[in-house]
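Once you know that position 44 of the sequence shown is 44 in the UniProt record's numbering, the rest is easy, because the numbers rise by one and skip nothing.
To be clear, the hints were calculated from the coordinates, so they are not data collected in a lab.
Among the clues, some could well be false.
[Stated by the list, open to error] Beta-carbon label-pair distances, calculated as ranges:
| no. | residue 1 | residue 2 | range |
| --- | --- | --- | --- |
| 1 | 57 | 266 | 42 to 48 Å |
| 2 | 201 | 238 | 28 to 34 Å |
| 3 | 82 | 108 | 42 to 48 Å |
| 4 | 201 | 331 | 31 to 37 Å |
| 5 | 200 | 82 | 38 to 44 Å |
| 6 | 219 | 199 | 20 to 26 Å |
| 7 | 343 | 247 | 57 to 63 Å |
| 8 | 199 | 36 | 36 to 42 Å |
| 9 | 82 | 31 | 32 to 38 Å |
| 10 | 38 | 327 | 35 to 41 Å |
[Unchecked claim] Under the rule of at most 27 Å between Cα atoms (straight-line distance), these lysine-lysine pairs were calculated in the DSS-like manner:
| no. | residue 1 | residue 2 |
| --- | --- | --- |
| 11 | 263 | 154 |
| 12 | 177 | 317 |
| 13 | 234 | 139 |
Here a beta-carbon is modelled for each residue, glycine too, at the ideal position from N, C-alpha and C.
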Amino acid sequence: MFMWKLAPALATGNTIVIKAAESTPLTALHAAHLCNEAGIPEGVVNVVPGLGEVAGAALAGHHGLNKLAFTGETSTGKLIMKAAAEKLIPVTLELGGKSPSIVFEDADIDGAVGAHQIGLFLNAGQCCCASSRIYVHEKVYDEFAEKTTKATKKRKVGDPFTDVDQGPQQNEEQFKKVLNYIATGEKEGATLLAGGKRIGKKGYFVESTVFGNVGDNMKISREEIFGPVMQITKFKDEEEVLRRANDTQYGLASAVFTRNLDKANYFSRALKLIIIFETLFKLYLIVCCVWLIDRAGTVWINTYDVLDAPQPFGGYKQSGIGREKGEYALSNFTQVKSVIQNLPKIGGWY
C-alpha cells in the first residue's frame, strides 16, 4: 500500500508525507530509508509514525496539504474525506469490501476451489478485496463445499518464516475480532465446515475457516471480517444471485466462474478494460469494469486476486473513490493547468 501511493506521487514530482500504520510503522520507515539510499533528496519522502486519531488527524487537517490518499477502513476514510473537504483538496480512498464471487454450475470446480483458497486466505484473509462471499449454484454446491473443506483443512498455519500456507493475524485487536466473528457465525446458525479455532496459546494464529449455508442477513455475510473466514452459500438462478451479490454497501471486487463467456460478459457490462495474462500456460481474463448490477471496481473471470501494475484498482460505493496503479494513479497526484500566451509577432485572433 505504501508503494502504490509513493511511486506515482514521486513520479509526478511531489513531496510526500506518509502517516505510517500505527501497528506496522517499521515497514514505512524502512521504505523511506531505502529512498534515501537510492538518492532521493532528504525531505522529499517523509514518514510520521503515531496513532491515527493523533498523528493521522493532525496531518489530514494540516493546511499545507494539496492531496490526501488513504487506504484503510471505510469509517476512517470518511473522516479523511471530511478533512479534505475543509480544504477543498482532492482525495483518493481505497477502503473496505465484502466481495462476492459467483460459481456457476458449468464452472471448473477444481479451478474455482483453488482460486478461492488464494482469494480468501491470502495474507491470512487480511485483504480488502478478499472473496469473502461465495455464491455457488445449488447443483454444484455440495461438490464445491466438500472440495473446499478438504483443501482448507490441509492448509498449514504458523510462523510465516517457515514452510506454511498462512501466517498470523496482524495484531491482537484483529485476532480477537476474527474469533468473535467466528463465534457469531456459529451462533447465528451457519455451518462450520473447517477451522474456527485459535492455534496455540502464543501468537495470533487462527485456523483457515469455512462456513457453509450462510444466510444473507448474518453478520459474517454483511460485515468485512478481514480475516481467514470464508462464507459459502447456495443460489438457484442468475436473477437471484445478482440481487444478492448487489445487496451490500461495498463495491470493491467480484468474480464470476463459468465456462460460458457470454454469461461472463453479461455479468461484466460497460466494459472498460480487459487484460489477458498467460500464467502457467492458462489464459485468464481480468475485467476491470462497471459491473452493471453489482458495480464492483474489479471483476475477475475464472480466477481471483490476479493483479498487474497497469491495471487500475479501486472501488465503488463505500469501497472508495478514485483508482490506484497504472496511468490512473499518475492523475491522482497531478492537476491540469491551461497556459495561454499571446505571441506578439503573430498577434491574437482579433
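Consistency of the hints with the structure:
1. 57 / 266: 42 to 48 Å: Holds, at about 45 Å.
2. 201 / 238: 28 to 34 Å: violated, 47 Å
3. 82 / 108: 42 to 48 Å: holds, 46 Å
4. 201 / 331: 31 to 37 Å: violated, 50 Å
5. 200 / 82: 38 to 44 Å: The hint (38 to 44 Å, Cβ to Cβ) holds, given that residue 200 and residue 82 are roughly 42 Å apart.
6. 219 / 199: 20 to 26 Å: Cβ of residue 219 to Cβ of residue 199: about 23 Å, so the range 20 to 26 Å holds.
7. 343 / 247: 57 to 63 Å: For residue 343 and residue 247 the Cβ distance comes to about 60 Å; the hint holds.
8. 199 / 36: 36 to 42 Å: holds, 39 Å
9. 82 / 31: 32 to 38 Å: violated, 28 Å
10. 38 / 327: 35 to 41 Å: The hint (35 to 41 Å, Cβ to Cβ) is violated, given that residue 38 and residue 327 are roughly 23 Å apart.
11. 263 / 154: violated, 33 Å
12. 177 / 317: Distance ~24 Å between residue 177 and residue 317 Cα, so the pair holds.
13. 234 / 139: With Cα atoms ~9 Å apart, residue 234 and residue 139 stay inside 27 Å; holds.
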